[in-house]
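Line order of the protein sequences matches chains A and B. FYI, this note's numbering numbers position 11 of the first sequence as 23, with every residue one higher than the one before it. FYI, this note's numbering numbers position 35 of the second sequence as 19, with every residue one higher than the one before it.
Bear in mind the hints are in silico, worked out from the structure with no lab data behind them. Just so you know, these numbers come straight off a predicted model, no measurement behind them. Careful, some of the hints might be misleading.
From chain B, some residues computed to sit far from chain A (all C-beta separations above 10 Å) [said to hold, decoys possible]:
id	residue
1	Pro24
2	Ile27
3	Leu81
4	Leu84
5	Ala89
6	Thr93
Stretch by stretch, here's where chain B covers chain A in the computed footprint (C-beta under 8 Å, at least three residues) [unchecked claim]:
id	stretch
7	22 to 28
8	46 to 57
9	127 to 141
Using N, Cα and C, we set each Cβ at its ideal position, and we do this for glycine too.
Spelled out, the chains give:
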Amino acid sequence: MTTSLQRKPALSITHHTFVIERIYPHPPARVFNAFADPRLKRRWFAEGDGVSVGEYSADFRVGGHDFMRFAFPGGPAMTNETIYFDIVPDRRLIFAYYMTAGDVRISASLATVELSSQGTGTRLVFTEQGAYLDGNDDVAQREQGSRKLLSGSAKIILQSSPQGG
Amino acid sequence: MLNYSPHIDQVFHAFGDSTRRRMVEQLSRGPATVSSLAGPLGITLAAVMQHLTILEQSGLVSTHKVGRTRTCQLETAGLRTAADWITKHRASWERRLDQLGALLAEETTDKTR
């Protein structure tokens, strides 16, 4: 006899693609090196914004894995594992990565980095296609946010419909 | 350019009906059986089921059957603000790429000393 307690959590995937561009006043080889040299990469990729980095390892080659364990102040333990699919020195990187938070997988992504000369500098184009998973934030937070969103949405609909619902 | 999840369109479709809004409002106070939803709304069980189908498709509500009773509850996953998480995620890459630039500038300064 089934009980109402046996519920499977809802699974969902939100797909999203975004692009970020930068122009750096440095030649492509230097920008590429910031990805290739693990001591440099750690500093701009892992660190910053109060993050504490527990573990960081890198293996910069096609098929190689980078791994890091980190946490934001007051936040859950997180991991990021990256695998490289394509490396064209000074020109292109293609890699995939997933992230976990509190031992739950929260995303899996495919990313590309394209480098091209722009005068004496470099144009960098970062493109990510991500699968963002299951709306994994704190349930209580979500419910609170949802009630606000519900009443907000209801207001919007009521205000915009001629009969007022 | 933000790519809105199709869920959001379905959520607005779900909300575009006053009966469904009242059902969601009741469920925000706690789970309910299909028959206990029908009563206060003054509509048939069949009508409730039709509305529930739309609400389930939008991810706002989930239902499950226990014996012969179908129970409904608010499914907050449908209102997950995926856009928020995506915005934060993109922002973390913006910050990283800014940090990359600052690091290269610092490295250049070090080299010219």
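**Message:** Is the claim that leucine 84 of chain B lies outside the interface with chain A correct, judged by CB distances over 10 Å?
**Reply:** violated, 4 Å
**Prompt:** Are there three or more residues in the stretch 127 to 141 of chain A whose C-beta lies closer than 8 Å to some C-beta of chain B?
**Reply:** As far as the stretch 127 to 141 of chain A goes, the hint holds, because 3 residues have Cβ atoms under 8 Å from chain B.
**Assertion that alanine 89 of chain B lies farther than 10 Å from chain A (Cβ)** = violated, 8 Å
**Request:** Examine the stretch 46 to 57 of chain A for residues whose CB is less than 8 Å from any CB of chain B, and state whether their number is three or more.
**Result:** holds (count 5)
**Prompt:** Checking the smallest CB distance to chain A, is isoleucine 27 of chain B really beyond 10 Å?
**Reply:** Non-interface label stands for isoleucine 27 of chain B: nearest chain A Cβ at 16 Å, farther than 10 Å.
**chain A versus leucine 81 of chain B - minimum CB to CB distance exceeding 10 Å, so not interface** = Incorrect as stated: the minimum Cβ-Cβ distance to chain A is 5 Å, not above 10 Å.
**Asked** Is the Cβ of threonine 93 of chain B farther than 10 Å from every Cβ of chain A?
**Response** holds, 12 Å
**Interface-negative label, proline 24 of chain B against chain A, beta-carbon threshold 10 Å** = It holds; proline 24 of chain B is separated from chain A by about 16 Å at its closest Cβ, greater than 10 Å.
**Message:** Three residues or more, CB to CB closer than 8 Å: is that satisfied between the stretch 22 to 28 of chain A and chain B?
**Reply:** Contact hint for the stretch 22 to 28 of chain A vs chain B: holds, 5 residues under 8 Å.
Checked against the numbered hints above, the structure violates hints 3, 4 and 5; every other hint is satisfied.
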